[in-house]
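J.: No gaps in the numbering here: position 64 of the sequence shown is 64 in UniProt numbering, and each next residue is one more.
Please note that a few of the clues may not be correct.
Subject to a maximum C-alpha distance of 25 Å in a straight line, what follows is the list of computed DSS-like cross-link-like pairs (lysine-lysine) [what the hints assert, rightly or not]:
no., residue 1, residue 2
1, K349, K403
2, K121, K218
3, K198, K143
4, K145, K216
5, K191, K180
6, K349, K305
7, K97, K242
8, K218, K95
9, K138, K57
10, K305, K57
11, K349, K399
12, K417, K403
Hint data in this document are derived by calculation from the structure and do not stem from the laboratory.
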Amino acid sequence: MIRDTSGQDAVIAAAPLWRRKKLIVGVILAIAFIVVSIFLLRTFANSSKSINASRIKIAQVTRGTLVRDVAVNGRMVAAISPTLYSTASSTVTLKVKAGDMVKKGDVVAELESPDLTSLLKREQANYDQLEAEVARQKILARKQKLIARRDADQAEIERVTAARTFERFEKAGPSGVISKIDYMRAQDALKTAEIRAKHAEAATGLENEDVDLNLKTKSAQLEQQRLVRDDAKRKVEELKLKAPVDGMVGTLSVANRSVVAANTALMTLVDLSQLEVELEIPETYVADLGLGMTAEITINGVTTKGKLSALSPEVVKNQVLARVRFDGQQPSGLRQSQRVSARLLIEEKPNVLMLARGPFVESEGGRFVYVVENNIATRRPFKLGATSISAVEIVDGLKLGDKVVVAGTDQFENAEKISLNN
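All chains, full assembly: derive it from the sequences and hints.
T.: Right under this line is the structure:
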């Protein structure tokens, strides 16, 4: 008969309570580690790449007023910069140098033109000759008027004499002292004298008109010659070129004592009291620009405002030139051709979803963004609206509060998901 194992059994004391709790905590930690590992494995399985978060820039979608603007460069140019030209073929004697300050009316150059000087002398001689002829015509006119008046007065005297003779014959006729023939002869003589006096008076009027007309013709010729002479005098006076404005001599186009043809550019003056900003604007923004648009101009760290005053109709190297005029008083210390930066304020759009502008706009073509959630950047399509220097408008695809990678997406290589690690 086989004996039982009771003799081999040993009584084991129960484990302490603290040891059982430690075992339970260890099991729980092991389960948590397994769950986290599974989650991380799934996360890394869903992402194709892993990028350090310090190499990208993340911004949040907000709501506010978007100011459409464009940042451009420009330079200071003179609003008034007249160019002086030679008025005739001549020899130029410069009275100033480039950079000299001049006042309005100062002689800046003298032209020597023998042709114009000779022309003025000829026209002056012709004027003097015509002036003498007009004076002679005035004397002749008075003389002819006196002769015509004398003939008219003589005819009037003869008429009065004939009238008196006829009156005596008429009184003596009834008494039979004179014959009828003598009476009729006296009557005919009176009529003849009256006709002669009448014609003499009319001839005097015509003679006066003829004399006045001749004098008027000579006077008109004199006036015409005076205009010709004054024009020649003006051309000679213009040989002394005077500054049309207060300013500075900008550039000299010819050398001193050089011979130039008519209408040759000699120099350019710059009115430094009236400067404007010439901006170079990309042609993609031209459709949104308009005269009177506000511009912020930064000069030597100081910002001032102006208005868009002119826009060139010509596109040169994908850029359009525009002029901006300062609002109010012009800042001091400006120089010709000084480089400046400007910001054109195109439009304000209130209450829109906005996102800080970054390289993602260009790198993704404005069609895709990477939205960050739980350290995973997911590629998502979206619709871009208006853009400004610092922000862009979100039309569709994102909501308020979304976190978006705005810089560094060029490292993602268009992957659908990117893991971000610290």
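J.: Would the pair K349 and K305 pass a check requiring their Cα atoms to be no farther apart than 25 Å?
T.: 21 Å, holds
J.: Need the status of pair K417, K403: alpha-carbon distance at most 25 Å?
T.: 14 Å, holds
J.: K191 and K180 were given as a pair; does the straight-line alpha-carbon distance stay at or below 25 Å?
T.: Measuring from Cα to Cα gives roughly 17 Å; hence the hint holds.
J.: Does K349 pair with K403 here, judged by a C-alpha cut-off of 25 Å?
T.: 22 Å, holds
J.: Below or equal to 25 Å on CA atoms is what counts here, so check K145 against K216.
T.: 15 Å, holds
J.: Is the hinted pair K198 and K143 satisfied, with a Cα-Cα distance of at most 25 Å?
T.: Satisfied, since the Cα-Cα distance of roughly 21 Å is no more than 25 Å.
J.: Regarding the pair K349 and K399, is the alpha-carbon distance no greater than 25 Å?
T.: Roughly 18 Å separates the two Cα atoms, so the pair holds.
J.: Does the structure keep K138 and K57 at a Cα separation of 25 Å or less?
T.: 100 Å, violated
J.: Mind checking the alpha carbons of K305 and K57 for me, to see if they're no more than 25 Å apart?
T.: Answer violated: K305 to K57 is near 33 Å, above 25 Å.
J.: Within 25 Å, alpha carbon to alpha carbon, are K218 and K95?
T.: 44 Å, violated
J.: Assess, step by step, whether the Cα of K121 is no farther than 25 Å from the Cα of K218, and give holds or violated.
T.: Satisfied, since the Cα-Cα distance of roughly 21 Å is no more than 25 Å.
J.: Between K97 and K242, does the CA-CA distance stay at or below 25 Å?
T.: Holds, at roughly 14 Å.
This entry does not satisfy hints 8, 9 and 10, going by the numbered hints stated previously.
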